[in-house]
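Participant: Based on these hints, arrange chain B on the given structure of chain A.
Residues per chain are reported as follows:
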Amino acid sequence: MPKYLCLQRALPGGDREGDHPSPTQMQAMYAKFTEWRQKFQDNLTDLGGRLGRGTLVTERVLDGPLVEVKELVGGYMIISAASLDEAIEIARGCPGLVRPGSGVEVIEIHAP
Amino acid sequence: VTTLPLNEPFFRREYGRLVATLSRRAGMQNLEVVEDAVQSALLAGVASWTRGGLPDNPSAWLFRVAYNHVIGELRRRGRADRLTGRYGGDASDAIEEAPTAALAGDVRDDILRMLFVCCDESIPVESQLVMALTTLCGFGVREVAERLFISEANAYKRLGRARGRLRTLPFEPDDMSPQQLAARLPAVRSILYVMFTEGYLSSHVDGPIRRELCEEAQRLARVLAEHPVSATPETFALVALMHLHGARMPARQDGAGGLLLLEEQDRSRWDHGEIQLGLSWLARSADGGVFSRYHAEAGIAAEHCLAASFAETRWDRIVECYELLERLSPSPIHRLNRAIAVAEWQGPARGLGVLDGLEPPSWFAGSYLWAAVLADLHRRCGHLELARRYRDTAIAAAPGPAVKDALQRRLRDI
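Taken in order, these protein sequences are the chains called A and B. Counting in the numbering used here, the first sequence runs from 4 upward without gaps. Counting in the numbering used here, the second sequence runs from 23 upward without gaps.
Chain A on its own, in the form it takes in the complex (with noise of 0.2 Å):
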């Protein structure tokens, strides 16, 4: 099956409200996302993670700044999928990617 990259992109206008979560929302984002687990559990290839610092290492010293990638990306996961049709419809259905404020890119990985 082929893989897929998926980043997850801030976007203007973040959600203020959902970075605030009580603990009760908290009790339903993890039931939500251990269901969703289960649910396509034989499509996640890597869960990933969110992405920490980083250093741009090239031919020769880079003087800064750089744009961090980090602020681009908060995170990354990399799936399996028929096609890119339902790779997309996996990642819109992990909680808490697809908000105001946040989004998924979904990018199709040509392995050799």
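One or more hints might be untrue.
Which residues of chain B face chain A? A few of them, derived with a C-beta cut under 10 Å, are [stated by the list, open to error]:
no., residue
1, Pro31
2, Phe33
3, Arg35
4, Gly38
5, Leu64
6, Gly67
7, Val68
8, Ser70
9, Thr72
10, Arg73
11, Pro77
12, Phe161
13, Val163
Hint data in this document are derived by calculation from the structure and do not stem from the laboratory. Note that CB positions come from ideal geometry on N, CA and C, so glycine has one too.
Facilitator: For chain B alone, kept in the frame of chain A given last:
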């Protein structure tokens, strides 16, 4: 990878536990740092556990993350404060003296201490309640507002008042003295009583939401009853009344969420385990020669629980308990309830007689409760004109559709 379900209300419980434990170590003036740290730790838990599975001990995991967060933030602030010369000590030193291992043993002490701290006499009771529901029960401000039927802005205001006051407390890592605890105990009981009745008497349409408040109050009251500083007959009576009322909650609503009157309830749906528990706490509360308002209320609830049917209720005993209750805690509500009991015992005219000469305060005279009881007593005495007038007032003042329906059912044939 394990993805065990974390049963409700895991996150709320952890919130209350961690805030209580960490604020004891870091001091109440750092409550906001502690609350932020706990919030971050819970969020980190959600992010990490949903991907990597649950750790062996999720509670210990959360404690460690929140603890490190507090230390880091206090260090950062300590430096900043020293730079500006405003601050002498370093609170992170104090918190680090306590080893991370001390997790389970004194958690209930921490929760109890936090409860006593929330009940500072300089904080208005309605602020104490909001404070307890957020910091100890882990409800969000919006959830608190929804449960207490107040606006979110009002809930923030009340919480702000409590926090503002607590921030000014001197940094005392030691406990309050036994004298201070004893002096505050009535306020602590009172806040738990209010929390319980907010759930029990609420006309909120959502049953589970109301039960949640009752369960939180019951849980905290049990912590109170099991601790040497607060295990007194009044506390036992409070726990008893919560069980005896709670036992009857399942029968108070019909299948469609409508409210059922006591005489309409199916008594087989009462929770008999809860009744037994309530009765045993009531028996414990009789030791010590103290008779409080909680004893009177638990006594009334016990009479209802023990009656095989509405008709077989020992109304004379209930009347007696209401008389004691009125003496201990005078309120027109207690007088009104006594009138209802007297009407069942000796007839509606005697019931009305109890209310003779009572000038209800305006908040009560305009309430559905007052109007509904008068409508019913006048109806049964044959004073139909008066009964109709009170009925219309009662229905107009009913706080929600469930109450309105129950009133219409009871008072329609006038």
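Participant: Looking back at the numbered hints, which does the structure fail to meet, lowest number first?
Facilitator: Of the numbered hints given earlier, the structure breaks just one, which is hint 11.
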